[in-house]
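Participant: Can you make the complete structure from the sequences, with help from the hints?
The residues making up each chain are set out below.
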Amino acid sequence: MRSRPALIISRLIVGGIFIYAAVDKIAHPDQFAEIVNNYKLMPAKTINVMAIIMPWLELVAGVLLVAGVWVKDNAAILGALLLVFIVAISINLARGLDFDCGCFSTAASTKNASIWLLVRDIALLLPVFHLLWFQPSKSRTYVFVNR
Amino acid sequence: MTHLRNLIAIVLVAVALAGLYNTFSGRGIPWVAQEVKVEGAATPRLVLSSAALAINYIELEEARSKFDHGILFVDAREPEEYRPGHVKGAVNISAKKEPDVIKSALSRQKKDQEIVIYCDGEECGASTMLAGKLQRLGFTKVHVFFGGWTAWKNAGLPVEKG
Numbered sequence: 002m003r004s005r006p007a008l009i010i011s012r013l014i015v016g017g018i019f020i021y022a023a024v025d026k027i028a029h030p031d032q033f034a035e036i037v038n039n040y041k042l043m044p045a046k047t048i049n050v051m052a053i054i055m056p057w058l059e060l061v062a063g064v065l066l067v068a069g070v071w072v073k074d075n076a077a078i079l080g081a082l083l084l085v086f087i088v089a090i091s092i093n094l095a096r097g098l099d100f101d102c103g104c105f106s107t108a109a110s111t112k113n114a115s116i117w118l119l120v121r122d123i124a125l126l127l128p129v130f131h132l133l134w135f136q137p138s139k140s141r142t143y144v145f146v147n148r
Numbered sequence: 101m102t103h104l105r106n107l108i109a110i111v112l113v114a115v116a117l118a119g120l121y122n123t124f125s126g127r128g129i130p131w132v133a134q135e136v137k138v139e140g141a142a143t144p145r146l147v148l149s150s151a152a153l154a155i156n157y158i159e160l161e162e163a164r165s166k167f168d169h170g171i172l173f174v175d176a177r178e179p180e181e182y183r184p185g186h187v188k189g190a191v192n193i194s195a196k197k198e199p200d201v202i203k204s205a206l207s208r209q210k211k212d213q214e215i216v217i218y219c220d221g222e223e224c225g226a227s228t229m230l231a232g233k234l235q236r237l238g239f240t241k242v243h244v245f246f247g248g249w250t251a252w253k254n255a256g257l258p259v260e261k262g
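One line per chain: the protein sequences are P and D, in this order. Adding 1 to a residue's 1-based position in the first sequence gives its number in my numbering. Adding 100 to a residue's 1-based position in the second sequence gives its number in my numbering.
Derived by calculation from the structure, the hints in this document are not laboratory data. Check the hints yourself; a few may be wrong.
[Stated by the list, open to error] Lysine-lysine pairs mimicking BS3-like chemistry, simulated, CA-CA at most 30 Å apart:
#  : chain 1 : residue 1 : chain 2 : residue 2
1  : D       : Lys241    : P       : Lys46
2  : D       : Lys261    : D       : Lys197
3  : D       : Lys211    : D       : Lys253
4  : D       : Lys166    : D       : Lys188
5  : D       : Lys166    : D       : Lys253
6  : D       : Lys203    : D       : Lys261
7  : P       : Lys73     : D       : Lys211
8  : D       : Lys241    : D       : Lys253
9  : D       : Lys211    : D       : Lys241
10 : P       : Lys41     : D       : Lys210
11 : D       : Lys197    : D       : Lys253
12 : D       : Lys203    : D       : Lys241
13 : P       : Lys41     : D       : Lys211
14 : D       : Lys210    : D       : Lys253
15 : P       : Lys46     : D       : Lys197
Facilitator: Following this line, the structure appears as structure tokens:
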């Protein structure tokens with residue numbers, strides 16, 4: 002678990018997935034705002050701020066994580082975002098609300114607002130915890146740079 | 101403390117990039133959504149983007165007159181909501197469909213012909229979302245019927261199943 006390849010794999014998984022998830026939302030902020038609005042969790046005035054900033058936080062933290070910069074900090078940010086998503090999806094599943102997940106695409110064609118979303122987000126927490134636990138604090142291990 | 105400093109730095113970089121992109125990319129949206137009053141509607145419509153602002157929101161009376169003039173109605177809900185009942189003659193295009201699917205579904209519609217889009221009622225966002233997609237596909241006369249299926253059904257206007 003402490004081995005360098007294992008930590009790199011966790012970084013690439015978490016960072017890569019968040020980069021992928023961020024791109025389409027950044028390309029279509031207006032549609033992402035509609036999706037955030039449909040979650041019916043945020044006050045009207047804050048929806049656009051969320052829709053503008055959140056994808057960039059995913060992208061910046063994802064890129065830094067893949068690059069191996071400030072690994073624990075970026076893993077913590079993405080882990081916190083995952084917790085927010087898990088809470089938001091849980092509340093809406095409990096409400097039985099018809100909502101579009103908006104996880105990876107603003108044009109999600111399948112309505113898969115189901116327990117599967119939760120399982121996926123919780124599963125993604127595992128490599129996050131792996132990094133938070135085992136990544137050495139002091140090291141700055143870049144992928145392509147030898148220490 | 102270095103962790104706190106790093107976290108703040110990461111968030112600030114993200115906020116700065118988001119701000120720059122939102123200002124200069126041409127795809128930006130207002131930081132605060134506008135609430136627009138629609139005639140005859142109980143709740144104000146939350147308008148999240150300028151694309152949504154360019155959409156013409158109409159109420160029951162106007163929707164009815166457009167229906168009488170044979171203008172195309174599009175139901176933006178999911179098929180399982182459409183099948184049990186919808187505006188007579190409305191075609192079903194879920195707001196979640198990909199642009200090319202939407203395009204082929206409306207292949208016989210001219211870009212400057214009027215289209216009325218609706219979803220469940222005042223609270224649903226599907227009609228606005230679909231209207232935004234249609235505008236990006238080049239349709240110029242897109243109306244969102246704000247009261248939607250609920251208002252139409254309650255007014256006893258023509259409906260059909262299937």
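Participant: Now, for every hint given, state plainly whether the structure supports it.
Facilitator: Consistency of the hints with the structure:
The suggested pairing of D/Lys241 with P/Lys46 holds, with an alpha-carbon distance near 28 Å, which does not exceed 30 Å. Between D/Lys261 and D/Lys197, the direct Cα distance comes to roughly 22 Å. Compliance with the 30 Å bound is thereby established for this hinted pair. Between D/Lys211 and D/Lys253 the CA atoms are separated by roughly 29 Å; this keeps the pair inside 30 Å, and the hint holds. Restraint check: the Cα-Cα separation between D/Lys166 and D/Lys188 comes to about 13 Å, which is no more than 30 Å; the hinted pair holds.
In summary, the hint linking D/Lys166 to D/Lys253 is supported, as the alpha carbons are separated by about 16 Å, within the 30 Å threshold. Straight-line distance between C-alpha atoms of D/Lys203 and D/Lys261 comes to about 24 Å, which keeps the hinted pair within the 30 Å bound. Our distance criterion of 30 Å between C-alpha atoms is broken by P/Lys73 and D/Lys211, whose separation comes to about 51 Å. A threshold of 30 Å between alpha carbons decides the hint, and for D/Lys241 with D/Lys253 the separation of about 24 Å falls inside it, so the pair holds.
Restraint check for D/Lys211 and D/Lys241: satisfied, since their Cα atoms lie roughly 8 Å apart, inside the 30 Å limit. In summary, the hint linking P/Lys41 to D/Lys210 is not supported, as the alpha carbons are separated by about 35 Å, beyond the 30 Å threshold. Distance restraint check for D/Lys197 and D/Lys253: the Cα-Cα separation of roughly 25 Å lies within the 30 Å cut-off, and the hinted pair is therefore satisfied. Distance check on the hinted pair: D/Lys203 and D/Lys241 sit about 15 Å apart at the alpha-carbon level, within 30 Å; holds.
Taken as a hint, the P/Lys41 and D/Lys211 pair is broken in the structure, with Cα atoms around 33 Å apart against an allowance of 30 Å. The straight-line distance between the Cα atoms of D/Lys210 and D/Lys253 is roughly 28 Å, inside the 30 Å bound, and the hint therefore holds. Only pairs whose Cα atoms come within 30 Å are accepted, and P/Lys46 paired with D/Lys197 is accepted, the gap being roughly 28 Å.
Checked against the numbered hints given earlier, the structure breaks hints 7, 10 and 13 and satisfies all the rest.
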